[in-house]
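Assemble the whole structure, with the sequences as input and the hints as a guide.
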Amino acid sequence: MSVRRIVVTGQGVVSALGLTADAHIEALRNGVCGISPIELIPTDNLTIGIAAEAKTFRAEDYFGRSEIALRDRVTQMATVAAKEAIAQSGIVFEGVLGERTATILGTSMGGQHTQDDNYRLVYGEGKTRVHPFLVPRLMANAPVSWVSMDHGLRGPAYSISTACASSNHAIGQAFHLIRSGGADAAVTGGAESGLTWGVLKGWEGLRVMSKTACRPFSKTRDGMVQGEGAAILVLEELEMAKARGANILGEIVGFGSSADAGDIVQPSLEGATRAMRSALSDGGVNPTEVAYVNAHGTATAMNDRTECAALRNVFGAHADALAVSSTKSAHGHCIGAAGALEMVATLSALQGILPPTIGYEEPDPDCDLNVVPNTAQQRAVSVAMSNSFAFGGLNAVVVVKRWQG
Amino acid sequence: MSDTTLDKVRTIIAEQAMIDVAEVKPESTLSDLGVDSLGLVEIVFAIEEEFDVTVPFNANDPSASEFDISSVQAAVDGVEKLRADQA
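Residue numbers (my numbering), protein chains in the order written: chain A, 25 to 429; chain B, 104 to 190.
These aren't lab readings, by the way, just hints derived from the structure by calculation.
Mixed in with the good hints there might be a few duds.
[As the list claims (entries may be wrong)] Below, in silico cross-link-like pairs of lysine-lysine (DSBU-like), each with a Cα-Cα straight-line distance of 30 angstroms or less:
#1 A:K107 - A:K79
#2 A:K266 - A:K243
#3 A:K107 - A:K266
#4 A:K79 - A:K225
#5 A:K151 - B:K111
#6 B:K111 - A:K225
Have a look at this one:
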């Protein structure tokens, strides 16, 4: 039996850059920055005043009151993006296909708005009772459960929580599950909405946040900026997608993951190198075929330096021919949704327009690659890679190919 | 006072059932009004918030609860009893 191939046939996005995949991609290409002063929550006693909030995303525009009672903002974002992706794909999950479709989403923190609001009520305001749906709203598997319920997806379904790598792990697992015959289609990606007072206070404590902007690879970078959003993809086995005449956005060819087994927060050159090599090997891809890398690129001093060194390890002399950008500069670091939002950017690069690293000010000798500074570049891309390297030393890398019919 | 409690309970139920308050009659049962099990839990919560009482309600087996919510009037009576016990 020949190896099953897996293609992407639909994508949906909610982010600070827009409320559809097309709006998100258009903004990325135009170098729009979604980071701005925080407006959706009170910021008293926070030293962090900026984030990439999806300011135009309002639950009332999509859901009735009883749905909102059960869906935290993270679930709202996941289900809106899933609806767009499935509609774009044109796939219909009826009968056996519903049972043969997996739902695998990455989310790091679950329903943080629900948790934060209710902690405030009981600890802060001394209330003695909480809303009855607190638990089903905040549980980390709520987004994946609602996506499966909304669309009748009855195959394997679970959420993956590996911090900043969650949705790359999710996409990789979905890809491998279809390739191995465990499913024929998958709805995958990730969602995160952790822009709450409590979560921001936590990040503030770690002292890795920038108070001004996200400037990956720039000598002047001074930390990351949080974002929120969701990106969902529809994956299908190639022959099935072709048989129904689906529009193919790209082929997923390789997935690799690794654990540093080192430090709980410091990145590891060895772990990142191994995850990239593993993904290339899984896809049978020669490093010289890769033209674009969507970097993890958090804009911390350490991550960007380590990631560039790892890219040099993996690609050798070919590293100088690569274009490497971090779109976190535009949509913020969306933690559990990061890999999925960046996969949408990576797939868009297969169309020949590379999304830039914005906020770039000054070259850093430790990051001396073509980082697509500030403006999009045009280039034919047949193979692209997307990196996610999480706190806790958990790395996940996905490799995609342009579909040429 | 009785009217006030009835009005408040009717308003809570109407809001949850997404119907006009006029449709919520004392003799209506919650299933008549289209309230499902999740809606019932939300109504109990809203009653607790509104009247500052703790309703002895067991969502695992609502019929075994001490709080009778078989009709709108039963819920109103239950609330008044809770408030009297509390006073």
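If you test the structure against every hint from before, which numbers come out violated?
2 and 6
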